[in-house]
Amino acid sequence: MAEGLAAVRSALMRKNLNVDANEWRNSVALTGHVSSWEQYMEAGYAAAGKGYEAVVNDLTVEGVVPFKPSMPEPQNPIDPDTYFDAVVIGGGVIGSAIARELTRWDITVALLEKENDLAMQTSSRNDGMVHPPFAVTPGSKKAHYNQRGNKMFAQTARELGVSLEWPGMLMLFSNPWQRAFLPAIWQRIKQNEVCGAEFWNRQRVFKMEPNITADQHGGVFLPDSGIVSPYQLTVAFGENAVQNGATVLLNTVVTGFQ
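For the sequence shown, the numbering used here assigns the number 1 to the initial residue and increments by one for each residue that follows.
The set of hints was computed from the structure by calculation and includes no laboratory data. Take these hints with a grain of salt, some might be off.
[What the hints assert, rightly or not] DSSO-like, lysine-lysine: derived pairs with alpha carbons at most 30 Å apart:
id, residue 1, residue 2
1, 207, 190
2, 190, 141
3, 190, 151
4, 207, 151
5, 151, 141
6, 114, 68
7, 141, 50
8, 190, 142
9, 50, 142
10, 15, 50
[Claimed, not checked] Here are the in silico distance ranges between beta carbons for each label pair:
id, residue 1, residue 2, range
11, 159, 258, 33 to 41 Å
12, 63, 105, 49 to 57 Å
13, 217, 32, 48 to 56 Å
14, 15, 166, 44 to 52 Å
Quick reminder that beta carbons are idealized off the backbone N, C-alpha and C, glycines included.
Using the sequences and the hints given, assemble the complete structure.
Okay, structure coming up:
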């Protein structure tokens with residue numbers, strides 16, 4: 001990694017940035033102070049692509065107040081003798097789903113969330129799309145779990161009583177020449193086991209969606225694309241976890257480990 005660190009420092013010097021760069025957990029960390037947000041971004045770009053897994057940009061910027069996450073009002077502290085076999089930190093859709101899954105075993109489970117409800121951060125801002133396994137790289141872990149997850153959604157929604165719709169997704173061609181990519185698209189569809197895909201010509205697209213742009217030249221329809229309320233899904237995961245015996249602790253911040 002010595003060569004990578006030297007390359008990062010050299011790139012920062014060429015940008016005339018007075019920034020310290022040091023290795024940290026297979027990544028490179030930037031510390032120091034810069035005069036503008038543009039310099040903050042320049043430093044990050046200068047450090048990227050030098051062989052590290054990530055760039056940790058911990059610079060301060062003149063006139064920019066560092067973000068401080070909101071903290072809940074003090075609550076009754078948890079009895080220090082309280083014991084849980086498994087503790088999940090974060091009540092978003094992933095944390096809530098994990099807590100529910102853990103309750104399938106005979107163990108005690110706690111879900112900790114610093115906000116006053118579940119899905120108050122990233123999960124509630126999600127667009128709610130259930131993605132078909134098209135865009136993922138064939139043969140990758142992401143493709144494997146995208147395929148499995150897409151097929152599991154219908155049963156999960158039924159179990160939780162969550163509304164789930166399958167309107168499908170239409171990838172439009174904005175130019176006639178883009179249809180030359182169809183062989184590659186069909187190859188990706190086959191590799192990723194995308195079910196029910198169809199090519200729709202310009203006329204069929206207009207028939208199915210009369211208000212669509214006139215600048216379209218057909219497209220590929222993927223029926224395995226769904227819509228779900230991310231907030232409703234997260235809350236349902238959490239509620240079912242509680243029904244199964246889990247404890248959900250809201251307004252609870254994890255500040256460290258001992």
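Hints, verified against the model:
1. 207 <-> 190: Within the cut-off at roughly 27 Å; holds.
2. 190 <-> 141: 17 Å, holds
3. 190 <-> 151: 16 Å, holds
4. 207 <-> 151: Roughly 29 Å between the alpha carbons, so the hint for residue 207 and residue 151 holds.
5. 151 <-> 141: 16 Å, holds
6. 114 <-> 68: 14 Å, holds
7. 141 <-> 50: Roughly 25 Å separates the two Cα atoms, so the pair holds.
8. 190 <-> 142: Distance ~16 Å between residue 190 and residue 142 Cα, so the pair holds.
9. 50 <-> 142: 25 Å, holds
10. 15 <-> 50: Roughly 16 Å between the alpha carbons, so the hint for residue 15 and residue 50 holds.
11. 159 <-> 258: 33 to 41 Å: 37 Å, holds
12. 63 <-> 105: 49 to 57 Å: 52 Å, holds
13. 217 <-> 32: 48 to 56 Å: 51 Å, holds
14. 15 <-> 166: 44 to 52 Å: 50 Å, holds
When the structure is compared with the earlier hints, no violation turns up for any of them.
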